[in-house]
Every structure is written in structure tokens, then in C-alpha cells.
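Q: Protein chains in written order, with our numbering: chain A, 7 to 332; chain B, 243 to 528; chain C, 138 to 419.
These are calculated hints, taken from the structure and not from any lab test. Even glycine gets a Cβ: it sits at the ideal position worked out from N, Cα and C. Among the clues, some could well be false.
Unchecked claim - Partner residues aside, some chain A positions facing chain C, computed with beta carbon under 10 Å:
id, residue
1, L131
2, E210
3, L229
What the hints assert, rightly or not - Okay, derived cross-link-like pairs now, DSS-like style, lysine-lysine, Cα gap no bigger than 27 Å in a straight line:
id, chain 1, residue 1, chain 2, residue 2
4, C, K145, B, K394
5, C, K145, A, K191
6, A, K191, C, K269
7, A, K191, B, K307
8, B, K286, B, K307
9, A, K191, B, K394
10, A, K53, C, K269
11, C, K145, B, K376
12, A, K62, A, K153
13, B, K403, B, K376
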Amino acid sequence: MKTSSRRRSADDRGFRLGTGFFAFLVVALVAGIFFELYRTSTLSLQKFGFRFWTGKTWDPVAGEFGAFPFIWGTLYSSILAMLISTPIALGIAIFLSELSPRRLRTPLAFLTELLAAVPSIVYGLWGVFVLVPIVRSLQVATPGWMKKIPLFSGPPLGVGMLSAALVLAVMVIPFTSSVAREVLKAVPSTQREAAYALGATRWEAILAALRFGRTGIIGAVILGFGRAVGETMAVTMVIGNNPQVSASLFAPQYTMAAVIANEFTEAADNLYLSALIEIGLVLFAITVVINAASRFLIWSVTREIKVKPPKPVSTMAFAAPTGGGK
Amino acid sequence: MTETMVSDMQTPTDAKAGSPAPGSGSSPAALPTAGRTLRMESKKLDFFYGAKQALWEISLQIPEKTVTAFIGPSGCGKSTFLRCLNRMNDIIPDTRVEGDVLLDGNDIYGSGTDIVDLRRRVGMVFQKSNPFPKSILDNVAYGLRINGMAPKSEIPERVEKALRRAALWDEVKDRLDTSAMGLSGGQQQRLCIARAVAVEPEVLLMDEPCSALDPIATTKVEELIHELKRDFTIVIVTHNMQQAARVSEFTAFFMLGRLVEHDRTEKLFTNPGQKITEDYITGRFG
Amino acid sequence: MNRTQRRKALSGFVVFLCGAAVVLALIPLFFVFGYVLQKGFSSLNWDFFTKMPKPVGETGGGMANAMLGTAYLILIAGAFAIPVGVIAGVYLSEYGKKWFASLVRFTADVLNGVPSIVIGIFAYGLAVLPVKHFSALAGGLALGFMMIPIITRTTEELLNLVPGTLREGSLALGATRARAAFSVMVPAALPGIMTGILVALARIAGETAPLLFTAFNNRYFSTSLVQPISSLPVQVYTYAVSPYDDWHRQAWAGALVLVGFVFVFSVLARVVTRRLERMHRT
Chain A
7 MKTSSRRRSA DDRGFRLGTG FFAFLVVALV AGIFFELYRT STLSLQKFGF
57 RFWTGKTWDP VAGEFGAFPF IWGTLYSSIL AMLISTPIAL GIAIFLSELS
107 PRRLRTPLAF LTELLAAVPS IVYGLWGVFV LVPIVRSLQV ATPGWMKKIP
157 LFSGPPLGVG MLSAALVLAV MVIPFTSSVA REVLKAVPST QREAAYALGA
207 TRWEAILAAL RFGRTGIIGA VILGFGRAVG ETMAVTMVIG NNPQVSASLF
257 APQYTMAAVI ANEFTEAADN LYLSALIEIG LVLFAITVVI NAASRFLIWS
307 VTREIKVKPP KPVSTMAFAA PTGGGK
Chain B
243 MTETMVSDMQ TPTDAKAGSP APGSGSSPAA LPTAGRTLRM ESKKLDFFYG
293 AKQALWEISL QIPEKTVTAF IGPSGCGKST FLRCLNRMND IIPDTRVEGD
343 VLLDGNDIYG SGTDIVDLRR RVGMVFQKSN PFPKSILDNV AYGLRINGMA
393 PKSEIPERVE KALRRAALWD EVKDRLDTSA MGLSGGQQQR LCIARAVAVE
443 PEVLLMDEPC SALDPIATTK VEELIHELKR DFTIVIVTHN MQQAARVSEF
493 TAFFMLGRLV EHDRTEKLFT NPGQKITEDY ITGRFG
Chain C
138 MNRTQRRKAL SGFVVFLCGA AVVLALIPLF FVFGYVLQKG FSSLNWDFFT
188 KMPKPVGETG GGMANAMLGT AYLILIAGAF AIPVGVIAGV YLSEYGKKWF
238 ASLVRFTADV LNGVPSIVIG IFAYGLAVLP VKHFSALAGG LALGFMMIPI
288 ITRTTEELLN LVPGTLREGS LALGATRARA AFSVMVPAAL PGIMTGILVA
338 LARIAGETAP LLFTAFNNRY FSTSLVQPIS SLPVQVYTYA VSPYDDWHRQ
388 AWAGALVLVG FVFVFSVLAR VVTRRLERMH RT
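Let the hints inform the model, and build the full structure from the sequences given.
A: Now the structure itself:
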């Protein structure tokens, strides 16, 4: 009847707008972050312009605001962390999704989750008291001739780029591997089967699956990179917090996130604060781009198949439910 | 190869031992495949998913250069058995096989078996076509490359031969470098057939190859099978009895994990030995 | 070695490498866990849980105020993040195919990837700058913003698993959309949604960076929304970077509490997930 259907559609509309408002809040939040950051950093944006990012000296007390060391430090530490962590993370993802005996799978996956859930501060603590001394003794043990190479130069402080990259690697591994694992799960098993049926070895069949999911796996790696870029606490505790640009693994350096964490509460004047917020703005922009790109890549692989926990689907598409397949 | 004729006269009775309706069936002395060279043979094959048994004492003979069809209702074990023939079930964890499967007289489940080689010799085409996300040429050449079967110079020629065999060459010869994913469903399945025959297998296993195809594509594939059987031994699992009647010389009827009847196709469809077979064929269940 | 043997050797080698990768990754896990356990356990005494921090330089005392502070902050965060997240998740599940829903999903994922320190800056601009002092509210806001995307996505995914027939049945009986959604669909997905909330809570409980300049820190116990408040992660950080051994000792104890919290929540989440899978399989 007309009246009830009108009431129905009014109710539908009300529900849609009501819940839609809350969904809109999510979008508003992200937009808000951007605008807010932009607004509070205008002082610095206007005063320094692009020079901000090319200047190599960061000495706010003396009025020098060169933020290049932070870009350098962030990229160096994150890229190095990815170089270390990606092969391991992919190895874990492959092991868990293709190779592991069924009984081991759950406990191992659980342990990986645990690794991912440990707070950054705990990794930082471990980094300061355990990793840094190890790196220090590594430095001390470096032969003199190696110390002459810029990559290995510097006094044995322990804190520095290597320690930061190592801690970051440990933190990123479980993250990258769980996303890669989701991608591999979404690759249809028929791809591997086709390879086996043509006489492929185990590794060759895995390669076929990897090739099918390659865009998603690249997405997983990029996502991990984004995580490394934004990591704050663990990094600031082991990197030395020195705004210098150095090629050495052992030199104390600084990242964007770390300088914000350390100097925000000490920023004495508005310009200083604004400069730090500008760094935050760029950090935000970088992570948004990284995230968007990687999500797109991952989406293109998992498009038809939604694989999210708790997905109650057996990974073995042929497991006979009650005896007798087809 | 020919020794199976006399020494395994026990097998037909055994094959019927587990049947739901133990009947007279064919006399023990006349195996349906008598007089033919056998390519593959299973002897009292049992198959288990973990603790659950799925196949019971399957003893079946596959003569060379013929088409043998496996028919039966859903869940009867025909695909499971097919996958035992190239040990594809090995990739499922917790599965177990008892009994023998012989390829040219050698037990493929024996300890000395090279599985990689076995799977090249016994190829498989799947129900839903599964081309790799590569070019048409790379798909067909895949098996050749990983098995090192042809030097780089010979690959294009071998690919053409395989595509011709799959009746696909004329349709794709101008776009070998384009992605295989751009082909239609029927073309993709013929591509998978080309890919499988490129490695020159001895036996070609086909698991309901037409079930995802339209009637025209299905006809094309059936015509293909007629051609292919001149060079390959083919085993095809199908839900479609008319198809089995059209393409095969021998048919095996499975039910509930057992081999109920195995005979020449014309005989099985016109004068089945078991009542269950007759019921299935005439559509009384299934 | 002929070609096939080489291929098989390569395959075996790669399998070995992957297994080695797993072992390699687990080493730091056990290393960290073990170390935290060893260093922190001895300092976990009654004092730690009940006493307030002593003045600089004096030994003893505890982190009672920090733990309560964390609990308080979680409460503030959850108070607005849970409703927003769940309702947004309901929208995504009910109207998932619209372009706006895709936009929301995308921004939720993006928000998830924003570094927590940037969220801290945002909350700072929102709640600290205008009033010129740190507050528990600002800290709660920052943490809540981080929770929203997690809860939204989990709620959406779980609601999608509930069969649509439940919704239809409810509507056919004359229920409004809202009632169908909130009194039928959401309760059906509740265990999973709760897990999502718990996971989000566990994640923010360990966050330090966004609190550094929002909630800041407080040597005393406070329940005021507009005063700075201490929190476990910030306290651990402050102690860790200090020069005092006794404070280091307490930092380890605090880290142990955090890790224990994470462990319990992970186990809980797994158990609930497993139970859900079993329910859906029948």
C-alpha cells in the first residue's frame, strides 16, 4: 500500500543517512587530519617554502630549519629494514600458506600475530638494552680496514642506523608476512595444480602461485614499507637522534617520526612547532600515498575472493567432507 | 603389457567384490579390455582422506590410445580416482593410498618413482580452465621449459604443434604474445589442453573438461578428443552420459567409492550388467 | 646432476630457506619475550601495582597511576570510537556497493596506516592547542581515532558473514531498518565484533607516540578529563630513557605488563575466532 511503502522508504532513507553520517565521520577524520596539519604548519610552510626540505642543518635554537636529514634518515632506515625483512617475511608467508604441515600452521600463525601485536615501546626497550650493545660490540669487532669505508665508519656508539633498521625489520616482518599470506590464500589453488600437472617441482608450483599474486605481494611489501616509515618509538630509542646526514650504518641519525616525538614538547616558539608539524604533514602525505598504492595493488588480486578472518573456509578445496570425493 | 590378460583374471571379480549389488556381471575370464595393450592399470586401490576411506578396491584397466570415461553420481569417487592416476592427491595433506597403480607395468606409488616425471607423462586438464597469467605462448611453453624438453629455438615450433593439436592454432596464431586471460572460456580450455599435450604425455586425464563450457565449445572439445586419442591414451571424467557415450570406447561406472561396472561403452549403455548401472543410466537416480 | 635432479635440489633448498625464515623470525620473538620476562618478572611485586612513582632519584614505588591512566584513556577512546566504528561498519555492510561505501572503506584503510604520531599531532591541534594544556581527553581522542578504522572494518566483515536472510526475515515482520540492523544483525555478529573491539583496544593500550603531547604524563593519579594523565607506555618510555637503574628495572616490569596484556588478548581473539569458524562450518 502506498502509505506503508512511503513510510518504508522514509525509514530506509533515515537509516541510510543516519548510518551514513557515521561512515562519513571516517572520511571527515582523514580530511580533518590533512587540513588541521596544513593549517598549523602554514607558518613554517610560508616562511621556508621548499628550502625546508633541502636544508641539511637542523638547529632550531640557532634558527636553522633544514629538514633533509629526516627524509634521509627515514628513507635509509626504512629501505634497509625492507631489504632485511622482505625475504624473511615472504619466506614465512610461503611456508605458512604452502609448505607447513597442517598441525604447525595455527601455532606458527599465532606466534606471528603475537610478534605483530607487541607494542613498539617494548621493541624499543629491547633495542636499547639488548640490540644496541650487540651492535656496539659488532662495531668494535669491525676490522680497521673496513672502518675506512664510509658505510662502516664512525665511533662505536651502538645507536645508529643499523640498530634502527634491525629493530624496524623485526617489527615489519610479521606485518608484511601476514598480508602476503592473505594474498597467497586468495590465489586459486588451480594455478598450483596446473603447474603440478605439468610436472613442476614444489618450488615451481609455488612460483606459479607467486606470479599470479605478484601485484598483491608487491602491495604487501609496500605496506610494510609504509609501516616502517611511520614507526616512532622503537626507532627513536635506538637511532641516536642526531640530525646528520651520513652514509654510515653506525652513525646516529634521525627520522621524521623520531624528531617529532622528541622535540615536540620542547618546541619553544610557534615557528619551531609549525616546522615540526610540517614534518608531520609530509609524513602523513607519504604514508597516505604508500597505503593507497599498496591497497590498490592488493585489491586487484583479492578482488573476487574476500579473504579476511574469520573466514570459515578450508584452504583445501578438495577435502572430502564425508568420504568419497567426486 | 599383455601379461595382464591371463594372470589377472581374478581382478574382475575383485572389482565387483565391493559393489552394492554383487551380481554375476561379466564372467571372470573376459575382461572388457582383453586383448588390448594396457597403458595404466590399478589393482585393488584403496584411498583414504585421513581416517575416512573414499575408494574401495578399485581395479581398472586403461588400454592405450583409447578413451575411457568415468561416470557416476556426484561424490562417487571418480575424480578422486582420476587424481590418483597422476598422484595429484599427494598435494592434499593426510591422504593415503593402498594398492597399486601401474603405468606401463611400473607401480607409480613405488618407492623409486619420480613424481615430477610421472606428472609429465600423465597429464591433466581440469574442470575449470586455469591458464597462467602469461601470454598464450608462454602458457603452452611452460611445461617444455621447466622440464627442459626443448632448446629455445624449437619452442615456437613445438608450441604451434600443440596448439594445432588442440584446434586452437588458427584462432590465436596472430596473437601468441597476448595474455591468455583474454581468451574466451572455451578457448582457454583448449589452451589448457594444448599446454598439457605440449609435453607429449602418454596419458591425458581430463576432469570434467566441458562442464564449464557452452555447447558449441563442448562440441569442439569432444571433436578434439576424437583426434587426440590417435596419439594419447585418454581418461575422461564426465557427468554427462551422452558425452561418455559419444567420445569413449570404454566406460567405468563408479558409485560410493566403488567401481560398479567397467565395460565397452556400447555394452554398458545398451545392456549393463548391473542393475545399479541401469538405474543410473536410465535416470532413476543420480 | 641432470636437469630434473637440479630442479628438485633447488626446490628442496627453497623449502629449507622458507623454514629457516620462520625460525629466524621467531628468534627475536622469543628473545624479546624471554628478556622482558626475565628482566621484568622480578620487579613485578605488589608495590609495582599499587604504589605511585617516587620522586626522581629515589628507588621504589610503582606504576599504579600509569596503569589506571591507561585504563581511563581506553575508556575515553572506546566511548566514542566503538559507536562510531560499529555504526560506520553497519553502513558499509548494508550499503556496501555504493561508491560512497568504497570511499569510506578506502579512507578507513588509509587511516589505519597513518603513523600514530601524526594522529597525535592532530589531536594536539584539536584539543591541546586551543586550551594550551595537555589533557586526558586529548589523549583519549588520539587513541580513539586510531581505533575507529579497525572497528569499522571488522564490523563490516563480520556483518557480511551473517546471512542476509536474517535481515529480510526481520524486515518482513515489520521491523525498521535500524531495528533489523541493530537488534538482529549486530547481535548475530556480536562475538566477532567484540573480538575486533578487543583487538583494537589491545593495540592502542600499547601506544606511546600519540600520547607524548596529548595526555602527556602525570606523576600523580588523576581522573580529570582536562588534566594530563599518565599511561603505562609513556611511563615505561620515560623511565627507559632515564639514567636511573631503578627506573630501568621498573620499565621492564611495565613492559612485561604490556606484553602480558597483548598475549592474553591475542589468545582471546584466537579462541573467539575459532569458535566462530566452528559455528559457521555447521
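Q: Hint compliance check: list the failing hint numbers for this structure, sorted ascending.
A: Checked against the structure, the hints that fail are numbers 6, 7 and 9, while the rest are satisfied.
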